[in-house]
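Q: Single-letter residue listing:
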Amino acid sequence: MIDRLHDALLETATLTFEEMAFIVLEPFDDGPEEINPLVASTSVSFRGPFTGRLEVWASRDMLQTLASNMLGSEEIPPLLEQYDALGEITNIICGNMLPKIAGSSAVFYLQGPKVGAEHQDDGAAARIKLGMEPEQVDLLFYLQDKNFTEGVANDSSTGSR
Amino acid sequence: MSLNVLVVDDSSVMRNMIIRTLQLTGLPVGQVFQAANGRDGLTMLDEHWIDLAMVDINMPTMNGEEMIERLRENPSTVDLHVLVVSTESSETRIAKLRSLGAKFIHKPFTPEELGDQLRQMTGVRND
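Residue numbers (the working numbering), protein chains in the order written: chain A, 1 to 161; chain B, 1 to 127.
Keep in mind that the hints are not guaranteed to be accurate.
Chain A side only, calculated, beta carbon under 8 Å to chain B, not exhaustive [as the list claims (entries may be wrong)]: (1) M20; (2) D84; (3) G87; (4) E88; (5) P99; (6) S105; (7) A106; (8) V107; (9) F108; (10) G112.
Have a look at the derived ranges for each label pair, beta carbon to beta carbon [as the list claims (entries may be wrong)]: (11) B:R20 x A:V115: 16 to 26 Å; (12) A:R4 x B:K96: 27 to 37 Å; (13) B:Q120 x A:N69: 21 to 31 Å; (14) B:S99 x A:E75: 40 to 50 Å.
Treat the hints as calculated values from the structure; they're not laboratory data.
Yeah, the Cβ is synthetic: ideal placement off N, Cα and C, and Gly gets one too.
Excised from the complex, chain A in its bound form:
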């Protein structure tokens, strides 16, 4: 199941960055030697057959590039729009990932993106790092109920209504 979550997150995230921001990102499996620090984050919480949240963290230039590309602007957009862009990316990844793991009949309710994730710890059910050196993004998918994993693994339509 962990692999399934990881694969769903990786597939959804790479496609979203490509189609929304025209950026092709590669997984940082072992971590490049020189990367810029993660400085900004947005999160989207969801409830439905299971409850949790997705956090997306970005390095400074990555944050700027995402917003510039989404707006089709050569100038660096204001910080508010940079976070708006990252929040929309987070929302789209979360919204597209959930049916991959719970089935298309499951109903989820997503909250609007929030700036600033709560924390960055090791409790994520799935985590991927993507980037174009030296810029990076870090995606963490958290589940409130750690026991949900087996249920979803056994029945992809869990919790549909």
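Chain B: place on chain A using the hints.
A: Here is chain B on its own, set in the frame of chain A:
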């Protein structure tokens, strides 16, 4: 014939992106109006002649589903072309939106996908 379009989304970046993508479709676009939630969207519909509303679902104040329900109750917008632009993937919720006479396009989308959908909905062809 050019289309006057209303884009309703709580993200200003997303609204701008939708408008930019709309322009890339080659369809004849007239005036473009924007609103950040369903309530403001309904106000725009009261104040302007609009041919097509592109509406997000998850928004504060009034979500897209409620906005569509309300505009269908208004004789002047009962037949308005409505395209839901959302990450929503639940077949149940999409079916509900379709029952309100709305079409659906999934984020992310390409100019080609958007253009095809709008041509199908409105019958309008490229310039």
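Q: If any of the earlier hints don't hold here, list their numbers in rising order.
A: none
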